[in-house]
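Undergrad: Spelled out from the first residue to the last, the chains are:
2 protein chains.
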Amino acid sequence: MRKTLLLVFVVLLQATFACFGQQSDNSTPAVTNITGAGYPRILPDLRVTFRIKAPEAQKVQLDLGKKYDMEKGSDGFWTVTTAPQVPGFHYYSLVIDGVAVADPASETFFGMSREASGIEIPEAGVDFHLIKDVPHGTVQSKRYFSTKTNSWRRIFVYLPPGYEQNPTKKYPVLYLQHGAGEDETGWVKQGHLDIIMDNLIAQKQAIPMIVVTTNEYVIRDIGAGYNTESTNHFMDLFKDELVDVIIPFVNQNYRIANDREHRAIAGLSMGGGTSFRIGMLNPDKFAWVGAFSSSAFRGTNGNIFDAEKQIPGIFTHPEKFNTQLKLLYISSGEQDHSYEYTKKTIETFKEKGLKLQYNYFPGAHEWHVWRKALHDFVPKLFK
Amino acid sequence: MRKTLLLVFVVLLQATFACFGQQSDNSTPAVTNITGAGYPRILPDLRVTFRIKAPEAQKVQLDLGKKYDMEKGSDGFWTVTTAPQVPGFHYYSLVIDGVAVADPASETFFGMSREASGIEIPEAGVDFHLIKDVPHGTVQSKRYFSTKTNSWRRIFVYLPPGYEQNPTKKYPVLYLQHGAGEDETGWVKQGHLDIIMDNLIAQKQAIPMIVVTTNEYVIRDIGAGYNTESTNHFMDLFKDELVDVIIPFVNQNYRIANDREHRAIAGLSMGGGTSFRIGMLNPDKFAWVGAFSSSAFRGTNGNIFDAEKQIPGIFTHPEKFNTQLKLLYISSGEQDHSYEYTKKTIETFKEKGLKLQYNYFPGAHEWHVWRKALHDFVPKLFK
Chain W
1 MRKTLLLVFV VLLQATFACF GQQSDNSTPA VTNITGAGYP RILPDLRVTF
51 RIKAPEAQKV QLDLGKKYDM EKGSDGFWTV TTAPQVPGFH YYSLVIDGVA
101 VADPASETFF GMSREASGIE IPEAGVDFHL IKDVPHGTVQ SKRYFSTKTN
151 SWRRIFVYLP PGYEQNPTKK YPVLYLQHGA GEDETGWVKQ GHLDIIMDNL
201 IAQKQAIPMI VVTTNEYVIR DIGAGYNTES TNHFMDLFKD ELVDVIIPFV
251 NQNYRIANDR EHRAIAGLSM GGGTSFRIGM LNPDKFAWVG AFSSSAFRGT
301 NGNIFDAEKQ IPGIFTHPEK FNTQLKLLYI SSGEQDHSYE YTKKTIETFK
351 EKGLKLQYNY FPGAHEWHVW RKALHDFVPK LFK
Chain P
1 MRKTLLLVFV VLLQATFACF GQQSDNSTPA VTNITGAGYP RILPDLRVTF
51 RIKAPEAQKV QLDLGKKYDM EKGSDGFWTV TTAPQVPGFH YYSLVIDGVA
101 VADPASETFF GMSREASGIE IPEAGVDFHL IKDVPHGTVQ SKRYFSTKTN
151 SWRRIFVYLP PGYEQNPTKK YPVLYLQHGA GEDETGWVKQ GHLDIIMDNL
201 IAQKQAIPMI VVTTNEYVIR DIGAGYNTES TNHFMDLFKD ELVDVIIPFV
251 NQNYRIANDR EHRAIAGLSM GGGTSFRIGM LNPDKFAWVG AFSSSAFRGT
301 NGNIFDAEKQ IPGIFTHPEK FNTQLKLLYI SSGEQDHSYE YTKKTIETFK
351 EKGLKLQYNY FPGAHEWHVW RKALHDFVPK LFK
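Those protein sequences? They're chains W and P, same order as listed. Residue 131 in UniProt numbering sits at position 131 of the first sequence, with consecutive numbering throughout. Residue 143 in UniProt numbering sits at position 143 of the second sequence, with consecutive numbering throughout.
Isolated chain W, as found in the complex (with noise of 0.2 angstroms):
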């Protein structure tokens, strides 16, 4: 069995590394990288080095957002230890003479519009996001077949710790969408969902309830055309799935509390804007709507989006939507592209009468922010 051996060996010479991986400048893996990985490297002042094997390459850069060129030792060795990273769970590639590649020593994460390399820097005393010694509900991946992209789909259910003693319980809903360039990987890998549920559910801060995380690119799936004037039909098109395929088999193969006091929508960045718009547009199907980090507020000319024209009657009636909805909530992160709009947005909301309730949290357009959201948001639900 000398093949095998050998490759067992190899994983386990590595394992033993990390294991005694922390060195004398006190910097530890990250979580992030695949078991055995001893880069990249977490300092203690959260600068990150970083290092791959290329002997044979001319130019090797790390792209965190920015750009840094590393530095190639008499090893064949490439490395660079960046600036303090802002805590967060940040997207990166290696580029070995031109070409973004995912590192072969981090987890990939379904982002960028590709199985991308991510590295979580920790955030002191943060650990919300954690996983803690309570009870863990369950994710579920479930397969259906769509009647609007004729194929099969997939979602991830979430059960809180309970579903299966109490067979009798029906349990409220929320629906929660990724960003562009993501799928419904995203909250359950990036976003630790099922971590997030069960602290706030073990602490009663959150009363049990399932989550559901599709996939928005319905789109994609039809292979339609798409043009930046068509915003809208893609969110559409996502809307008719979720409305009368998502939700049915939903109901259909859990035990749901099936009315709208019982059914929030949320999501981040894309699918922000894409829940705003499908949570403002259809009250009588959800009751509770969340935009986390939403682009959608974005207007022309530093102005903000035309409210009135996409969702009619938000600035003429705001009292239909305060008496319907139970809950509109809008975040952002405060270094946000989209951080002026949204409060823009939010002022003006305000001024207008419509009721709303919204938070800001440090750090960019990234995970961790839309961890901080959703654990914001969920406490407010079905109460």
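There's no promise every hint is true.
If chains are identical, the list can't say which one is meant, so a pair holds when it fits in one copy or spans any two.
Claimed, not checked - In silico lysine to aspartate or glutamate, DMTMM-like type, Cα no more than 20 angstroms apart, as pairs:
#, residue 1, residue 2
1, 148, 236
2, 142, 164
3, 53, 63
4, 66, 164
5, 132, 221
6, 383, 56
Rather than coming from a laboratory, the hints here were simulated on the basis of the structure.
We have chain W; now place chain P onto it with these hints.
TA: Showing chain P alone in chain W's frame:
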């Protein structure tokens, strides 16, 4: 919302391209591509064209077991069309100026001890592993705390269709192990475990059962050292994890027929050796044992392994195993590097009077062969 729109736009351009991806040469994108990726493309004769944009690279190769040099076009795209490929699932890498990386156009699969590219080469007329319009079970991701490794670990649990609708029914369980350099995701992603089970159960070829996929790298999680002498130590550490931690956890969280007659163990390659050893040495725990494409039957100097030393009594008291085991199953691909050893082992076992069932499948040391082994093994269980 320009940034978001731009990203959506790019994603959907790819999508449109992929949708009209059928080209004059009748090639089609591999099903293992990320949605929207036009390459790699499979030709009708199973040659495959790979393609990547790398205008600044000096040398780009495809490593598909065999290495192919790719050719640079004036447009900066490197391409290669391979010889016709054997149907099945094959890991591959792109080698960019000497660095083996995952193809950005491919989904990733944990194999070769990292997130690797994989390509599915379709086998004409074979669809036992393809999704059909039959009742579908559920794949659950479950976190558990291991008192052996003092860390949170993960299993995947396949629940057959009807599990939720039959709240008093107890089910038999198959514990399924991965190969070297893989993890608990292997049988789900590469193996199509749930689809194979759904199809077998729908055709009444297999009885409804629960299947649990594990992670064998306990030795890595506890950070123990390793040397090629200690294969048994590696396997025995996993045996303790499985028997003392995983099985009790599964019994506690699912409706399990909790006795040896309703408990099976099987695995592929390294996991085949592990499952063979654990199953044969613990007949009080497992009545059904399967070893797929195991390298553990290899000995030295062209001989098979020292079976009597590894499994005391297997040759001197075969009747003991014949009465205790409901099934000992061994399989191999006909092009597997251990095929001859496996055949020799099976012949020797038969000569010694050991009862077993076995089968060989066309193909090498790869996942499609292991899907076929599972599809052949599961209908024999718990009957």
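Undergrad: All hints, please: hold or fail.
TA: Going down the list of hints, with the structure as the test:
For a Cα distance limit of 20 angstroms, the shortest separation of residue 148 from residue 236 inside one copy, 12 angstroms, qualifies, whereas the shortest one across copies, 51 angstroms, does not. Proximity of residue 142 and residue 164 under a CA criterion of 20 angstroms is satisfied in both settings, with 17 angstroms inside one chain copy and 14 angstroms between copies. For a Cα distance limit of 20 angstroms, the shortest separation of residue 53 from residue 63 qualifies both inside one copy, at 17 angstroms, and across copies, at 17 angstroms. In this assembly of identical chains, the alpha carbons of residue 66 and residue 164 never lie at most 20 angstroms apart, being 47 angstroms within a copy and 49 angstroms across copies at closest.
Only between protomers do residue 132 and residue 221 lie at most 20 angstroms apart by alpha-carbon distance; the minimum there is 18 angstroms, versus 38 angstroms within a single protomer. For a Cα distance limit of 20 angstroms, the shortest separation of residue 383 from residue 56 qualifies neither inside one copy, at 61 angstroms, nor across copies, at 58 angstroms.
Of the numbered hints given earlier, the model fails hints 4 and 6; all others are met.
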